[in-house]
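J.: Sequential numbering of the sequence shown, starting at 11, is according to this note's numbering.
Warning: the hint list may mix true and false statements.
To be verified - Listed next, with one range per pair, are the computed distances between beta-carbon atoms: (1) 93 with 54: 14 to 22 Å; (2) 19 with 46: 25 to 33 Å; (3) 48 with 18: 36 to 44 Å; (4) 18 with 44: 23 to 31 Å; (5) 54 with 88: 33 to 41 Å; (6) 50 with 85: 13 to 21 Å.
Bear in mind the hints are in silico, worked out from the structure with no lab data behind them.
C-beta: ideal position from N, C-alpha, C; glycine also.
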Amino acid sequence: MNDKTTFTAEEHVARVKEQTRHLAEEFTNAIAAIEKPTADAILSACLDIAAKTISGYNDQFIDALTESTRHLCHRALDHRRDRHPDAESADVDADALASMLAHSGKFDA
């Protein structure tokens, strides 16, 4: 998809919210499915999702999605911790992970 169309502010907000909802679901499902959820495994899974999601979008849209990355990582890791309180992911630094994901996703797109 090559999304270079100009949207109204309301349309832009609606698109970002919808894409963010999809990303949250995908991050949560991907992290939940990792057998040994080390920081590297989680980052790799999330980067795969982010790369597929943001490729082809314009810079403004990518920036908006990048801003939501920290929140999504926290939510996905919290969900994983709730389901598996003794798992290794309890030690994963969600802020550091989100920063790496946001940086990698934005510059690799």
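J.: Indicate, hint by hint, whether the structure satisfies it.
T.: These are the hints, each one checked on the structure:
1. 93 with 54: 14 to 22 Å: holds, 20 Å
2. 19 with 46: 25 to 33 Å: violated, 43 Å
3. 48 with 18: 36 to 44 Å: Since residue 48 and residue 18 have Cβ atoms about 43 Å apart, the given range 36 to 44 Å holds.
4. 18 with 44: 23 to 31 Å: At roughly 39 Å between Cβ atoms, residue 44 and residue 18 fall outside 23 to 31 Å, so the hint is violated.
5. 54 with 88: 33 to 41 Å: violated, 20 Å
6. 50 with 85: 13 to 21 Å: The hinted range 13 to 21 Å holds for residue 50 and residue 85, with Cβ atoms some 20 Å apart.
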